[in-house]
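Enquirer: Going down the list, the protein sequences come from chains A and B. Sequence positions in the first sequence follow this note's numbering and run 5 to 284. Sequence positions in the second sequence follow this note's numbering and run 2 to 305.
Calculated from the structure, these hints are not laboratory results. Model, not experiment: these values are computed from the prediction. Treat the hints loosely; a few may be bogus.
What the hints assert, rightly or not - Restraint-style ranges between C-beta atoms, simulated for each label pair:
| no. | chain 1 | residue 1 | chain 2 | residue 2 | range |
| --- | --- | --- | --- | --- | --- |
| 1 | A | Asp187 | B | Phe69 | 54 to 64 Å |
| 2 | A | Leu29 | B | Lys96 | 38 to 48 Å |
| 3 | B | Thr6 | A | Ala37 | 56 to 66 Å |
| 4 | A | Ala30 | B | Glu37 | 49 to 59 Å |
| 5 | A | Ile270 | B | Ala25 | 33 to 43 Å |
| 6 | A | Phe177 | B | Phe284 | 48 to 58 Å |
| 7 | B | Lys96 | A | Leu89 | 51 to 61 Å |
| 8 | A | Gln194 | B | Asp193 | 37 to 47 Å |
| 9 | B | Tyr199 | A | Val33 | 25 to 35 Å |
Said to hold, decoys possible - Quick partial rundown of chain B residues pointing at chain A, CB under 10 Å, derived from the structure:
| no. | residue |
| --- | --- |
| 10 | Ser7 |
| 11 | Leu77 |
| 12 | Leu80 |
| 13 | Tyr167 |
| 14 | Asn168 |
| 15 | Tyr178 |
| 16 | Leu238 |
Unchecked claim - Some but not every residue of chain B turned toward chain A, in silico, with C-beta under 10 Å:
| no. | residue |
| --- | --- |
| 17 | Leu13 |
| 18 | Phe65 |
| 19 | Pro85 |
| 20 | Asn146 |
| 21 | Leu148 |
| 22 | Leu150 |
| 23 | Val177 |
| 24 | Val185 |
| 25 | Leu206 |
| 26 | Arg212 |
| 27 | Leu242 |
Backbone N, C-alpha and C define an ideal beta-carbon position, used for all residues, glycine too.
Here is how the chains run, residue by residue.
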Amino acid sequence: MKKLGQRAKSPLEYGRSAWLRLMLLATFVFLYAPIITLVAYSFNDSRRNIVWRGFTLKYYEKAWNNEGLIEAFVNSLTIAFACTLVATVIGTMAAIALWRFPFPFRRAADATFALPIVIPEICMGVAMLAFFSRIGWPTDLIWPFNLGAITIAHISFSFPFVAVVVRARLASFNRELDEAAHDLGASPWQRFQDILLPHLRPALIAGALLAFTLSLDDFVITFFTSGPNTVTFPVKVYSMVRFSVTPEVNAASTLLIVITLVLTSIALWLQNRGNERHPG
Amino acid sequence: MHRSTSFWTFFLPPSLWLALFFLAPLALVFGFSFAEKRGLIDIVITGTLDNYLRALDPLYLRIFVKSFWFAGLTTLICLIMAFPIALIIAFSSAKWKPILLLLVILPFWTNLLIRTYALIAVLRTRGYVNFSAEWLWEKANAGLNLLGLGDYQLLGERFVPFELLYNNTAVVFGLVYVHLPFMVLPLYAALDRMDRSYIEASLDLGAGQLRTFFSVVMPLALPGIISGIIITFIPALGSFLTPDLLGGTDSQMIANVIERQFKSANDWPFGAALSFILMYITFFALAVRALADKGNRGSGSTPA
Chain A
5 MKKLGQRAKS PLEYGRSAWL RLMLLATFVF LYAPIITLVA YSFNDSRRNI
55 VWRGFTLKYY EKAWNNEGLI EAFVNSLTIA FACTLVATVI GTMAAIALWR
105 FPFPFRRAAD ATFALPIVIP EICMGVAMLA FFSRIGWPTD LIWPFNLGAI
155 TIAHISFSFP FVAVVVRARL ASFNRELDEA AHDLGASPWQ RFQDILLPHL
205 RPALIAGALL AFTLSLDDFV ITFFTSGPNT VTFPVKVYSM VRFSVTPEVN
255 AASTLLIVIT LVLTSIALWL QNRGNERHPG
Chain B
2 MHRSTSFWTF FLPPSLWLAL FFLAPLALVF GFSFAEKRGL IDIVITGTLD
52 NYLRALDPLY LRIFVKSFWF AGLTTLICLI MAFPIALIIA FSSAKWKPIL
102 LLLVILPFWT NLLIRTYALI AVLRTRGYVN FSAEWLWEKA NAGLNLLGLG
152 DYQLLGERFV PFELLYNNTA VVFGLVYVHL PFMVLPLYAA LDRMDRSYIE
202 ASLDLGAGQL RTFFSVVMPL ALPGIISGII ITFIPALGSF LTPDLLGGTD
252 SQMIANVIER QFKSANDWPF GAALSFILMY ITFFALAVRA LADKGNRGSG
302 STPA
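One chain only, chain A, in its complex shape (with noise of 0.2 Å):
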């Protein structure tokens, strides 16, 4: 068998040649450099014109002082926050019932849970606009009330998601340690406390920070149940957005990337330290 490393390049290293290269890196400047000439000129310092004129922070100091963008970052943390805890708890019960139990139509069961996954998110945006309407869902609550809505939306959406993540996570759990606890004499609780849950831990930090980021991000569905007195953060910079294109939406939105990036990043760091076993 001859071996590949000892040629000056093997016609499978195709990460050397010059061609695909050149592809490659047309690629990330193509998926890249919108972004960052978004974020970099969230820092100049010029209104109407796209010469860089010097960098400033002022265009932030302007969105932290724009008060509807501030009321709908904090609703959107507000529904972030609710969304998570809820969705952290169901989507782990979820994982846990559909791994451990072998019950008839289980293959049912794990693609009806999978489903807010797959359908379109118009639809789901629809539907949740058609419900809530329907059942007379009361829109004048006192504030965060008001935004009960849109909180059980998001959490319909990501706890499957948390499902898939602690499910991944409970392929590696070794069942002889919760046999073995079971022999010796532990009640169910103390054996889900003390033995699945110290296991689950990184997948549950891990769900939890992407049910954060994926209600934090959520447009469209957002959009169909939220109203007037209910904006959230990505709802505000559409309608900014629809307006005109202002170095105070870039900084907005830098805002929003930076946090985005910050939670998914130590979700996936989390995930990996935790199934070493499966890289990537």
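Since chain A is already given, all that's left is putting chain B on it; use the hints.
Expert: Chain B in isolation, oriented as in the chain A frame:
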């Protein structure tokens, strides 16, 4: 005995939630798709098929055809762009692989709305692309002046910005921009799993890189290609934000029509029917994918 009580403690809360706050809303919309509108907010489920028949009206049929065309073109462009990327990543060294993968996934974590906004900022008439083009135009004109050709106005009297936004091209551009990672990941997964000795054998036996690619790599990566096509096509077909923000009056897709029925046009039964047509297409595509997966597993189990 114990088992069944603890099973229900875990199973009931998520199932109740799903039934109440997901399946019930969907069932309601499904019901509405067979309903008639009587008065401003009165909707009566009568079992009529009129809403579905109305979707066959040439006006809406054209929007369906257009949506399929946009999503299909997006999928094709993504496939062509993603294949070399996936190939490089799958065959790169252990050091580079995670870095390149991360670079592909990273844009995923950026809000869809913000990515679309970034495209507007780049493509608008006063955006960065046109700004750079204008700068080049001025330099070229100055060059021509230097050469003494300034009087002929070879490049036009003044710079005319390109109309890059609010048309069909902008929508497809935006859809490709948003969906490219969806295509790279399944292709990468398929290429990464592939038995490389087939490629080596093909190259050793005298087939060129191109022939090897089309007669060995492509067929072996077929499950990944099908997977990639489906998970790119489905969200592209149901796109709302991209045509809404980047498209012109003539670039409406199905989701924009659905939104209009539920908001400004206030015709929920028709919107419900359109929304369920989109769901039926999604389920059909997922069934195709499941079948392709099954077929692949069946042939893969035969020992080579």
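Enquirer: The structure should be examined with respect to each hint, and the outcome stated for every one.
Expert: So, going through the hints one by one against the coordinates:
Under the hint 54 to 64 Å, the C-beta atoms of Asp187 of chain A and Phe69 of chain B, about 59 Å apart, fit the expected range. Judged by the Cβ atoms, the range 38 to 48 Å given for Leu29 of chain A and Lys96 of chain B is violated: they are separated by roughly 18 Å. A beta carbon spacing of about 57 Å between Thr6 of chain B and Ala37 of chain A agrees with the range 56 to 66 Å that was offered as a hint. For Ala30 of chain A and Glu37 of chain B, the Cβ-Cβ distance of about 53 Å falls inside the hinted range of 49 to 59 Å, so the restraint holds.
Range check, Ile270 of chain A to Ala25 of chain B: Cβ separation about 35 Å, and the 33 to 43 Å hint holds. Roughly 32 Å separates the CB atoms of Phe177 of chain A and Phe284 of chain B, a value that falls outside the hinted 48 to 58 Å. The hint said 51 to 61 Å for the Cβ distance between Lys96 of chain B and Leu89 of chain A, and at roughly 40 Å that hint is violated. For the hinted restraint 37 to 47 Å between Gln194 of chain A and Asp193 of chain B, the CB-CB distance of approximately 42 Å keeps it satisfied.
Against the hinted window of 25 to 35 Å, the Cβ-Cβ separation of Tyr199 of chain B and Val33 of chain A comes to about 33 Å, which satisfies the hint. The closest approach between the C-beta of Ser7 of chain B and any C-beta of chain A is roughly 5 Å, which is under the 10 Å cut-off, so the hint is satisfied. The beta carbon of Leu77 of chain B is not positioned within 10 Å of any beta carbon in chain A (closest approach about 16 Å), and the interface hint is therefore violated. Because the closest C-beta pair between Leu80 of chain B and chain A is about 13 Å apart, greater than 10 Å, the hint is violated.
Taking 10 Å as the C-beta contact cut-off toward chain A, the hint placing Tyr167 of chain B at the interface is violated, the least distance being around 12 Å. Given the 10 Å rule on beta carbons, the hint for Asn168 of chain B is violated: about 17 Å separates it from the nearest Cβ of chain A. Taking 10 Å as the C-beta contact cut-off toward chain A, the hint placing Tyr178 of chain B at the interface holds, the least distance being around 7 Å. The criterion of a C-beta within 10 Å of any C-beta in chain A is met by Leu238 of chain B, whose closest approach is roughly 8 Å, and the hint holds.
Interface hint status for Leu13 of chain B: upheld, as the beta-carbon distance to the closest one in chain A is roughly 8 Å, under 10 Å. The restraint placing Phe65 of chain B at the interface with chain A is violated, with a minimum CB-CB distance near 14 Å, outside the 10 Å limit. Because the closest C-beta pair between Pro85 of chain B and chain A is about 5 Å apart, less than 10 Å, the hint holds. Residue-level restraint check for Asn146 of chain B is violated (minimum Cβ-Cβ distance to chain A is 22 Å; threshold 10 Å).
The interface hint given for Leu148 of chain B is broken, as the beta carbon of that residue sits about 27 Å from the closest beta carbon of chain A, more than 10 Å. Among the interface hints, the one on Leu150 of chain B is violated; its C-beta lies about 28 Å from the nearest C-beta in chain A, farther than the 10 Å criterion. Residue-level restraint check for Val177 of chain B holds (minimum Cβ-Cβ distance to chain A is 9 Å; threshold 10 Å). At about 9 Å, the closest approach between the beta carbon of Val185 of chain B and any beta carbon in chain A falls short of 10 Å, and the interface hint on this residue holds.
For Leu206 of chain B, the interface hint is violated, since its Cβ never comes within 10 Å of a Cβ in chain A; the closest pair sits about 13 Å apart. Because the closest C-beta pair between Arg212 of chain B and chain A is about 12 Å apart, greater than 10 Å, the hint is violated. Because the closest C-beta pair between Leu242 of chain B and chain A is about 7 Å apart, less than 10 Å, the hint holds.
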